[in-house]
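All chains, please: the whole structure from these sequences, using the hints.
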Amino acid sequence: MTIKIFVPIDSTALSLGANEVAVAISKEAQAKKLDIQIIRNSSRGLFWLETLVELETPQGRIGFGPINPSDVKSLFDADFINGGEHPLALGLVSEIDWLKKQERLTFARMGITEPTNIDQYMAHDGFQGLKNALNLKPEAIVETVTASGLRGRGGAAFPTGIKWKTVLDTQATQKYIVCNADEGDSGTYSDRMIMEGDPFVLIEGMIIAGLAVGATQGYIYLRSEYPHALKTLNEAIHQATKIDYLGEDILKSGKSFHLEVRRAAGAYICGEETSLLESLEGKRGLVRFKPPLPAIEGLFGKPTVVNNVVSLATVPIILAKGAKYYQDFGMGKSRGTLPIQLAGNLKRTGLVEKAFGITLRELLYDFGGGSLSGKPIKAVQVGGPLGAYLPESQFDTPLDYEKFSEIFAVLGHGGIVAFDETVNMAKMARYAFNFCAIESCGKCTPCRIGSTRGIEVIDHIMQGHDVNKHIALVRDLADTMLNGSLCALGGMTPFPVLSALNHFSKDFGVDAIDSKA
Amino acid sequence: MEDLVLNPQDYKIINQHILEYQSMPGALLPLLHAIQDDIGYVPELAYSLIAKALSLSVAEVHGVVTFYHHFRTHQPGRHILQVCRAESCQALGSDALEIHIKNKLGIEFHETTPDGAFTLEPIYCLGNCACSPSVMINEEVYGRVDNKKIDQLISDLKNAS
Chain X
96 MTIKIFVPID
106 STALSLGANE
116 VAVAISKEAQ
126 AKKLDIQIIR
136 NSSRGLFWLE
146 TLVELETPQG
156 RIGFGPINPS
166 DVKSLFDADF
176 INGGEHPLAL
186 GLVSEIDWLK
196 KQERLTFARM
206 GITEPTNIDQ
216 YMAHDGFQGL
226 KNALNLKPEA
236 IVETVTASGL
246 RGRGGAAFPT
256 GIKWKTVLDT
266 QATQKYIVCN
276 ADEGDSGTYS
286 DRMIMEGDPF
296 VLIEGMIIAG
306 LAVGATQGYI
316 YLRSEYPHAL
326 KTLNEAIHQA
336 TKIDYLGEDI
346 LKSGKSFHLE
356 VRRAAGAYIC
366 GEETSLLESL
376 EGKRGLVRFK
386 PPLPAIEGLF
396 GKPTVVNNVV
406 SLATVPIILA
416 KGAKYYQDFG
426 MGKSRGTLPI
436 QLAGNLKRTG
446 LVEKAFGITL
456 RELLYDFGGG
466 SLSGKPIKAV
476 QVGGPLGAYL
486 PESQFDTPLD
496 YEKFSEIFAV
506 LGHGGIVAFD
516 ETVNMAKMAR
526 YAFNFCAIES
536 CGKCTPCRIG
546 STRGIEVIDH
556 IMQGHDVNKH
566 IALVRDLADT
576 MLNGSLCALG
586 GMTPFPVLSA
596 LNHFSKDFGV
606 DAIDSKA
Chain F
28 MEDLVLNPQD
38 YKIINQHILE
48 YQSMPGALLP
58 LLHAIQDDIG
68 YVPELAYSLI
78 AKALSLSVAE
88 VHGVVTFYHH
98 FRTHQPGRHI
108 LQVCRAESCQ
118 ALGSDALEIH
128 IKNKLGIEFH
138 ETTPDGAFTL
148 EPIYCLGNCA
158 CSPSVMINEE
168 VYGRVDNKKI
178 DQLISDLKNA
188 S
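Chains X and F, in that order, give the protein sequences. The number in this note's numbering is simply the position in the first sequence, starting from 1, with 95 added. The number in this note's numbering is simply the position in the second sequence, starting from 1, with 27 added.
Worth flagging that the hints you see were computed from the coordinates, not collected in a lab. Predicted, not measured: the structure shown is a model, and the values here were computed from it. For each residue, glycine too, the CB sits at the ideal point set by N, CA and C. Please note that the accuracy of each hint is not assured.
[Claimed, not checked] Examples of chain X residues toward chain F, derived with CB under 7 Å: (1) Ser106; (2) Leu111; (3) Gly112; (4) Ala173; (5) Phe175; (6) Ser319; (7) Ala438; (8) Asn440; (9) Gly445; (10) Gly465; (11) Pro493; (12) Asp495.
[Said to hold, decoys possible] Pairs of lysine-lysine, DSSO-like flavour, derived with a Cα cap of 30 Å: (13) F/Lys185 <-> X/Lys470; (14) X/Lys326 <-> F/Lys39; (15) X/Lys470 <-> F/Lys129; (16) X/Lys397 <-> F/Lys79; (17) X/Lys226 <-> X/Lys122; (18) X/Lys522 <-> F/Lys129; (19) F/Lys185 <-> X/Lys168; (20) F/Lys79 <-> X/Lys538; (21) X/Lys397 <-> X/Lys522; (22) X/Lys470 <-> F/Lys175; (23) F/Lys79 <-> X/Lys122; (24) F/Lys176 <-> X/Lys168; (25) F/Lys185 <-> X/Lys442; (26) F/Lys129 <-> X/Lys122; (27) F/Lys175 <-> X/Lys442; (28) X/Lys522 <-> F/Lys79; (29) X/Lys378 <-> F/Lys129; (30) X/Lys168 <-> F/Lys175; (31) F/Lys129 <-> X/Lys442; (32) X/Lys522 <-> F/Lys39; (33) X/Lys122 <-> F/Lys176.
In structure tokens:
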């Protein structure tokens, strides 16, 4: 009987040598004349265990990890295929505590299936949401998404259903669905995992969005830093088109939806929805004034839904299992689950999908296992480069959009980057201004000029020149950027800067900061 | 000295891509990508051809090419080494790694080694933040990179080319 061995094809696994592991397994098996089949699955998101090799057994899939190419020989020498003991054996993967404690809804198939195998997608509940949606009127699809409480997972947390309703209610000859896959926030990779690991769920979500608002054309605006996602998405679109899930007359419903991937070109600002639309139109990614909202005048002047990858990829399960099922997860106005990405200086990094309400402390210590370096965690940046730095005293904050907002922080796209005590927070504040200066589109003055002035003022502080005077200047500048910028880049750069200043004043050469943000 | 005209081979490639993309809505970025994928950069001498085909001004084409970090206007080295400078990588020592790489190659960001082997670029997040620090070499990402690992990668590429 052929033995099935799984080696992930996710680019983080590849970055640690998964291809070399697969080659080594194949060679060893050949040498030992074993009948094996290597399956390139998506990653479970337990990245600290990559390369995570799995073996199919009658009891379920057994894991071994982290496996380096040089460990492969020892696996075979231990006869791991027949239950031989090995120090890197992990037991049943589905029983690994880190995974078992999660609530995987959007990421239900992650690590289990082969990314571009459409039959496997269907065998694991794929396209159930679409089939339900095809029997519903557009208004009813929009109502289901609204009732689920789903909010934009890109970071802005705007209710997805309300956005869709605006597009549905706007009359036009052409409407568009645009997927924002310009995942530029540092510390985040959930979009990448979906596109590389379960691309059909995104495609299904986009088709449902098209049915809901009456759009027949979709674009996935994909960052150029994700070459593997590009290949996977194009292959998945090809597969779906071949069996009439995309294109004209989807499943003989008379409805059509076309989908195309467009590559971005390395501009962080193009993750801002209006800048993204400019870029899709072939222009410089300059932010547009709002109104008009993209939902009314978006791509090529037509009503356009712009949603993040995770938002769209969550739609299928909502349509498959109903709004209430999804709504029952979460707390307050933050309903459902959030795919949280643990990054930076942590022992056990990876993708944790949990209902809203889990605290930062649980994520950092129960899941993350504390810092990789073994030194105390000093600061944690949540929500990408425009997110606030949180000190240890705020680690008990539950993950909830409103609770974070109360402490002048954001959840953003769910990225969590931990720093140990060696970090200098004045340097991180300087970096935030510097990043803004590099990535500013240049349209509004607070962002374009403010970011560069910010670097200069922080330099004065770091050199000990007139520290109190320059701290007052930074606050004044932050106030101008916060209230005067056209979009979130200039408008939120003050979040990392002020949080660093307020919580880690010693790094700025002062004992305590009296004024509040 | 800069060339005054496109070489015939590049001219042919650029015109083929123009024909392929010019009727596509929002054609400019896909066209620039296609050109750069094939010849390694977007020659300034191509701007007028592109502008004419897409009914744009040369200034508009120039504006787009230079807005996006991804597009280059000069031929890069044989290998493109991009070092992530974002927060997660900083949390695990990318600043020191960056200095090590610059010293090793003897160049700064946006420069190419005199032998034409490496072009060094900064990049802000490769989505590999669970295994920082990361670099990308010719579109392949490497995670948990330390000085030893990057030295090995660089010497492997040198030996291969």
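Comparing the hints with the structure gives:
The interface hint given for X/Ser106 holds, since its Cβ lies 5 Å from the closest Cβ of chain F, which is under the 7 Å cut-off. For X/Leu111, the shortest C-beta to C-beta distance to chain F is roughly 5 Å, which falls under 7 Å, so the interface hint holds. Because the closest C-beta pair between X/Gly112 and chain F is about 9 Å apart, greater than 7 Å, the hint is violated. The interface hint given for X/Ala173 is broken, as the beta carbon of that residue sits about 25 Å from the closest beta carbon of chain F, more than 7 Å.
Taking 7 Å as the C-beta cut-off, the interface hint given for X/Phe175 is violated, the closest approach to chain F being about 24 Å. At its closest, the beta carbon of X/Ser319 sits 5 Å from a beta carbon of chain F; the interface hint therefore holds under the 7 Å criterion. With its C-beta approaching chain F no nearer than about 4 Å, X/Ala438 sits inside the 7 Å limit, and its interface hint holds. With a cut of 7 Å, the hint placing X/Asn440 at the interface with chain F holds, because the nearest CB-to-CB distance is about 4 Å.
With its C-beta approaching chain F no nearer than about 5 Å, X/Gly445 sits inside the 7 Å limit, and its interface hint holds. For X/Gly465, the interface hint is violated, the least distance from its beta-carbon to any beta-carbon of chain F being 13 Å, above 7 Å. Of the supplied interface hints, the one on X/Pro493 is violated, with its beta-carbon coming no nearer than about 23 Å to a beta-carbon of chain F, more than 7 Å. Because the smallest distance between the Cβ of X/Asp495 and any Cβ of chain F comes to about 23 Å, over 7 Å, the interface hint for this residue is violated.
The suggested pairing of F/Lys185 with X/Lys470 is violated, with an alpha-carbon distance near 37 Å, which exceeds 30 Å. This hinted pair checks out: X/Lys326 and F/Lys39 have alpha carbons roughly 26 Å apart, not beyond 30 Å. Between X/Lys470 and F/Lys129, the direct Cα distance comes to roughly 28 Å. Compliance with the 30 Å bound is thereby established for this hinted pair. Only pairs whose Cα atoms come within 30 Å are accepted, and X/Lys397 paired with F/Lys79 is accepted, the gap being roughly 26 Å.
A distance of roughly 43 Å separates the Cα atoms of X/Lys226 and X/Lys122; the hinted pair therefore is violated under the 30 Å criterion. Between the alpha carbons of X/Lys522 and F/Lys129 the distance comes to roughly 20 Å, so the proposed pair stays at or under 30 Å and holds. At roughly 29 Å between alpha-carbon atoms, F/Lys185 and X/Lys168 fall within 30 Å of each other, so this suggested pair holds. For the suggested pair F/Lys79 and X/Lys538, the alpha carbons sit about 27 Å apart, so the restraint of at most 30 Å is met.
With a C-alpha separation of about 43 Å, the suggested pair X/Lys397 and X/Lys522 falls outside the 30 Å cut-off, and the hint is violated. About 23 Å separates the Cα atoms of X/Lys470 and F/Lys175, which keeps this hinted pair within 30 Å; it holds. Taking the CA atoms of F/Lys79 and X/Lys122, the gap is about 55 Å. The hint is violated against a cut of 30 Å. Taking the CA atoms of F/Lys176 and X/Lys168, the gap is near 22 Å; set against the 30 Å cutoff, the hint holds.
Between the alpha carbons of F/Lys185 and X/Lys442 the distance comes to roughly 34 Å, so the proposed pair goes past 30 Å and is violated. The suggested pairing of F/Lys129 with X/Lys122 is violated, with an alpha-carbon distance near 38 Å, which exceeds 30 Å. The suggested pairing of F/Lys175 with X/Lys442 holds, with an alpha-carbon distance near 21 Å, which does not exceed 30 Å. Proximity of X/Lys522 to F/Lys79 is assessed by CA-CA distance (about 47 Å); at most 30 Å being required, the pair is judged violated.
Between X/Lys378 and F/Lys129, the direct Cα distance comes to roughly 34 Å. Violation of the 30 Å bound is thereby established for this hinted pair. In summary, the hint linking X/Lys168 to F/Lys175 is supported, as the alpha carbons are separated by about 24 Å, within the 30 Å threshold. A hinted pair counts as satisfied when its Cα atoms are at most 30 Å apart, and F/Lys129 with X/Lys442 qualifies at roughly 29 Å. A distance of roughly 49 Å separates the Cα atoms of X/Lys522 and F/Lys39; the hinted pair therefore is violated under the 30 Å criterion.
Of the supplied pair hints, the one linking X/Lys122 and F/Lys176 holds, its CA atoms being roughly 24 Å apart against a limit of 30 Å.
When held up to the earlier numbered hints, the structure conflicts with 3, 4, 5, 10, 11, 12, 13, 17, 21, 23, 25, 26, 28, 29, 32 and fits the remainder.
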